[in-house]
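Trainee: Here the protein sequences line up with chains W and R, keeping their order.
Under our numbering, residue 271 is the last one in the first sequence; the count climbs by one each step, no gaps.
Under our numbering, residue 1271 is the last one in the second sequence; the count climbs by one each step, no gaps.
For the record, the hints were derived by calculation from the structure and aren't laboratory data.
Fair warning: there could be bad hints in the mix.
[Claimed, not checked] Simulated DEER-style distance windows between Cβ atoms: (1) R:A1252 / W:A90: 43 to 51 Å; (2) R:A1062 / W:A261: 54 to 62 Å; (3) R:M1001 / W:A261: 53 to 61 Å; (4) W:D120 / R:Q1070: 53 to 61 Å.
Backbone N, C-alpha and C define an ideal beta-carbon position, used for all residues, glycine too.
There are 2 protein chains.
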Amino acid sequence: MAMLINGQPGEQISALDRGLAYGDGIYRTMEIRAGQPRLWAWQYRRLVADARRLRLPLPDEALLLDEIGQLADGLEQGVAKIVLTRGVGARGYAMPADCKATRMVSVTAWAGYPPERARDGVHVRWCDTRLACQPLLAGIKHLNRLENVLARSEWSDPDIHEGLMLDTRGLLVEATMSNVYLVSGQQIITPKLDQNGVQGMLRDWLFVHARQLGYQLEEAEIIPARLLQAEQVFLSNSLIGLWPVASIDGQALPQQHACCARLQALLALQR
Amino acid sequence: MAMLINGQPGEQISALDRGLAYGDGIYRTMEIRAGQPRLWAWQYRRLVADARRLRLPLPDEALLLDEIGQLADGLEQGVAKIVLTRGVGARGYAMPADCKATRMVSVTAWAGYPPERARDGVHVRWCDTRLACQPLLAGIKHLNRLENVLARSEWSDPDIHEGLMLDTRGLLVEATMSNVYLVSGQQIITPKLDQNGVQGMLRDWLFVHARQLGYQLEEAEIIPARLLQAEQVFLSNSLIGLWPVASIDGQALPQQHACCARLQALLALQR
């Protein structure tokens, strides 16, 4: 792994950083292909949106791209992560008047997930951990991720690839690290993320590109029973791409639909 | 400020620490008097409870006390902070099987808040930021504190000393950095913290000691209107001690009750 912290090579940050003290920051994880971050425009758009909501200063796009490029130079396949925090602050929750943000950019070589997951589908489970409803933080990829940590700690079976999460109202939100979609005919629905959840950049991408293939993607309030009625369920995140769901808690799901495979093919064309 | 990280002098931690990545950890802040942490037994009891709930390994009590003692040696008055995280982990939410926790202990000289706040009372406001309902994290002093950061960012007027917070149901929970109590006769009520909020160690202390002065402290579901009906409202936290509330959003509160002053006097006798 190679890392730049505020542009300087290093792997350490101040123990007084608000990112550690309060989770006061945001992050993004992205695929590296041939030395470049994939789907960068979509990633940066999300960083802009999240930084604005938390009133975090956002570094220049060119600077971030340059730092990723430096670290990923010559790397065929890998993962980059950007973490932005509100920097070192005095004791107390108040945001520093003169905020010196901390910027961490790291790149790691990584060969990707086993390709059969995208082809044959993944096995998922329902998590008992439910997501709270907090409109002020909903959708943001912030550093307050204890709910996801607790949900992911519910299983250790390596043959279970993801865990679906409901919120405290009993509505489907997401999987621990991915967004969720239900296909019926030409319609795709995905949970509204106005109360909780993380808005992944591939979710944004799908809203624009599903239409190209004749699908209509819409947000909906989704109760768990609807998953078993769907013709196909699939997941998205920037590192997994799109994974069809083969089973939920051991119950096989129908794979009557080519939707996920068609979207995968379209996604594969993107840089 | 002086700091030990896993027992070694230093002020930097790995940028890969899960405390930063996910807020996967807990903390406590405490007063130092004459080189020793005040009310240590109460602080440690809370650390034990919080670590157990998040399945974090907890360092030995004697080790923590020794490290605080080293840093606070010769210091008449100050603040100590303990931060415990799940340490450095691989990418992903899953808890590392072989968790090497990170332990940060720091001590800073600090003369305390202006004493007139404890004597004459403080001016508080209602925050618009509401706390989500999440039983799995309720009461824990964990590192996911964005809600408090957002609430504290609602005001910058130095004459407003604290902000009261409701949850998404409209019930009183706490103030941004303190617990809240309403006095009526010999009865004191404080919000239940089964859905959200931070269980301060002074709150535990009050449950045991209010009784000594003939008060009955109980948890309750408290709607905002009840604050204006109380004979006294006061706040607790380990650094402020106990502060009576003089006004809420400019509306003066009655100070007909000696309750807070009597509890302050009892607290002053504690080591």
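Trainee: Now look at each hint and say whether the structure bears it out.
Mentor: Consistency of the hints with the structure:
no. : hint                         : in the structure
1   : R:A1252 / W:A90: 43 to 51 Å  : 31 Å, violated
2   : R:A1062 / W:A261: 54 to 62 Å : 60 Å, holds
3   : R:M1001 / W:A261: 53 to 61 Å : 57 Å, holds
4   : W:D120 / R:Q1070: 53 to 61 Å : 57 Å, holds
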